[in-house]
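Asks: Protein chains in written order, with our numbering: chain W, 3 to 790; chain S, 5 to 161.
Take these hints with a grain of salt, some might be off.
Chain S is faced by these chain W residues, among others (derived, beta-carbon under 7 Å) [to be verified]:
| # | residue |
| --- | --- |
| 1 | E216 |
| 2 | T706 |
| 3 | W710 |
| 4 | S712 |
| 5 | T721 |
Derived by calculation from the structure, the hints in this document are not laboratory data.
Where is the CB? At the ideal position from N, CA and C, for every residue including glycine.
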Amino acid sequence: MTLLRFPKAIEDALQAGDLSQSRRGFLGASGALVFSLAISAPAGKALAQVAAAGPYVDPDFRQLDTWIVIHPDNTATFFVGKTDGGQGTGTAFRQMMSDELDIAFDKTRVVMGTTDVTPDQGGSGGSDAIETDGWPMRRVAAEARRALLDLASKRLDTPVAGLVVRDGAISVTADPTKSVTYAELVGGKRFDVALTGRNINDTTGVATVKRVEELRVVGQSLPRYDIPPKVDGSQTWAVDAKRPGMVHARNVKPPMVGAKLRSIDQSSVSSLPGFIKVVSAGNYVAVVCEREEQAIRAARQLKAVWEPPVTAPFPTSEKLFDYMRAATPTSASAPEVKGDPDAAFARASRVIEAEFEVPFQGHTAIGPAHAMADPSDGQITIYSNDMKSYGLRNGVAEFLKMPRERVRVVYMEGPQVYGRTAADDVGFEAAFLARELGRPVRVQWMRDEETAWDTKGPAYTFKLRGGLDAQGRLVALDYVARAVDYNHLGYNVPDTVLIAQLMGRRPEKPPAGNAETPAVMYAIPNSRMRAEVVSLPLAWETPLRTGNLRDPNGPQVTFAFESFIDELAQAAGADPLQFRLDMIAASPEDAAFRRARSLATIRAAAETYGWDKRPSPRPRQNGPVLTGRGIAYTYRSNTVVAMIAEVEVNRDTGHVFVKRLVVGHDCGLVINPAGARSAVECGSLHGLSRALWEEVQFDTQKVTSVNWVSHPSLRHSDTPEKIDVVLVNGDPNPKRSDLPHYGAGETSHKPVIAAVANAIYDATGVRLRRAPFRKERVLAALKAAGRA
Amino acid sequence: MVSLRVNGATHEVDVDPATPLLYVLRNDLRLSGPRFGCGLGQCGTCTVIIDGVAARSCIVNVGRASGEITTLEGLSKDGALDPLQQAWIDEQAVQCGYCQNGQIMTARALLNKNPNPTDAEIRQGMEGVLCRCMTYYRVQAAIKRAAGRPVTPSRGA
């Protein structure tokens, strides 16, 4: 007999025979897991029970009961190992699982990402929620439906073939008065159905998923369940997590990067109201007080002696690109060579060269990093918005040298994730401090700390060379990229999170990092692509540490590559959109029908925009405001995007206003069109912020981008007047029964810088090869070209 | 002891009057609408309405918050959502939602002063409220909807 390993909370509730009641205890009205409702009496009771209930075993993904519970009131709760960064994936999971289970969407709830309650699907990342993790969810829901049909067959004494399923009830086809609900079959009880699969992504029962034409809930623009509580104030967030006896901590960061802590003058804060303790380990320092504002004040007031580093940790941001070009790479990929690029360049009619630069860009979350950790009962529970909560759990267990079974993470809603909360420094800090203090500790970073010290998207330099033949076709390409990505942070790695670095706990060798080559669907017969990583002088304990930022290399690489394609089109005297279509049509690449889908996506964007065929730049305009349009195209995994930007460039000020965006987007089968459009639209605007504003600046001692004045971001006034998101299904057989679903979280973020740069060129005839396009830089470029 | 009026009720709180209002609302009154974003009055995430005017609770000392304070929780009346809250749901104007308290509360104060703002007035009135998920386009659409203006939907196949 299989030993069932259930989430403890579910096991308790099942044994009490009171699942629905107990579930209500820790499920909020929205269906989100809200353990933190500790502040309200009934939920507080549930929390107290659950909090004491360790050890925390891993939910067994090979048991159906781990994924789906049917309640006595004929509703269902889905337990999935993902998190939702605000793109509406939680709603999409419910849609996919409701559809396979044949239960009305509004009779379901979903619980995500809490390590002892939901199976480990790794949390979020890589926009794989729908593309990858959606499949086991669909299969287990289909298996639950099959198991229910089997039970109904016995109960109704009718073969399965003679039964019909609808909205959580099964009836006899020939005699609909004979009927039984899901709740009557398993409500409050276990399925006791074993699943198979080498790993969680392979999890399956014996049932098969529905064909696309059978899906009813998938494809509907259902409103997101998490929005009402977020607009009426009833949502309990990770920032709201509170426990009895909880205290507040704030970090004290080194005032100069690379400085060593020599001494702390505790008397500078010990008489402050609410002061509890200064905790320090190596160069990590935090101040703990009874109240939040007291901790903020004490952390600011703490006097400490720091010894400055002997050498500068990095060059200034102005000198960064020169530094990068002169640096010796720490690693380089073997060049990807196709054909004979040298011979092709020798034969080319024209050779074009260009260099591009992208600075460090940060996450700069609207809500600085935060977590609360509770050390009660010799365990650690971390209340966190870590997008990879399972990784945080494992990382903290290792960091604190505690058995995994005594550590868990309760995932709660928080600000944007986009890769930042997968390198969750603050979760480790809260856990460390909670153990030091023996009390629940809440930590939140301050604004300057977050903007300066969060993980950064790597800065890049690019060198491109292209050869055109006499007909203006691209016959040779040379691509060299350099990224400052040495010591790229992993996911919740216990010896590379910031507190570990500052404490001096680090691996012998920093992670090698990565630089990328473009995602190419173009027919380029001869090419050489090389990607190199360089390091800044200081690799550890530095705020210029790289981590994954929403499609970690995509916006940089696509800016350079798609700008350069535009330059080649211009040199060939071709319409830039047609130039791309021609190269894609001739491409030998066609994985996931990307060729047909790329062509369809670009054409759909062009049609919606009203693209008229002509080369760039447009004929010279007079007047202070110049308008232009630009296109960029790319794909990520199997999702294809074409972005057209229309800009207004003010020649007197250099100000760029992106008036209109058209986004063609093919992510296969769309689970929730409204949700997908929202994610694509907001991802595009996030890219626009990186195109127009975002840049991390620093002197040779510290990052000087520390707040929303020194680090501006997109604002209401920068919002395009019109955004068209066109969802495309460019599959050669668009109605096929097995049309796959791909991700929509990052792809639209990728081509924006390039589309805007190409539109600026179209408007002004001036090519901007360094992002972002702040007005001072644009004006300088216009002046240099005599176009101001 | 500091006395303050929040969402129609009077509260006595035993804190230093120099404490920023935000921490009293969050930690003493257990309200979760206003949230910490910058502590500098730059982003708007902590916005509340004091006597009809949008205020950044992270830089208002609780001892000086003598007016009638409304938080996100206090916008709905007798279980009915504020038209802005409903418009936010209709436009699905949320990604993560962390900043939306500031978006909604600032829009409420804007519409109180100017019930029929033009596009330019909406952009200007909302300029100081940041969103890092970039929901601006939807937020502007929701404000127009709440003000009874036609909204151009984001087009899609």
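Asks: With reference to the structure, classify each hint as holding or not holding.
Replies: Structure-based check of all given hints:
1. Annotation: E216(W) was flagged as interfacial toward chain S, and the flag is violated, the nearest CB pair being 22 Å apart, outside 7 Å.
2. Given the 7 Å rule on beta carbons, the hint for T706(W) is violated: about 16 Å separates it from the nearest Cβ of chain S.
3. A least Cβ separation of about 4 Å between W710(W) and chain S falls short of the 7 Å threshold, and the interface hint therefore holds.
4. Because the smallest distance between the Cβ of S712(W) and any Cβ of chain S comes to about 10 Å, over 7 Å, the interface hint for this residue is violated.
5. The restraint placing T721(W) at the interface with chain S holds, with a minimum CB-CB distance near 4 Å, inside the 7 Å limit.
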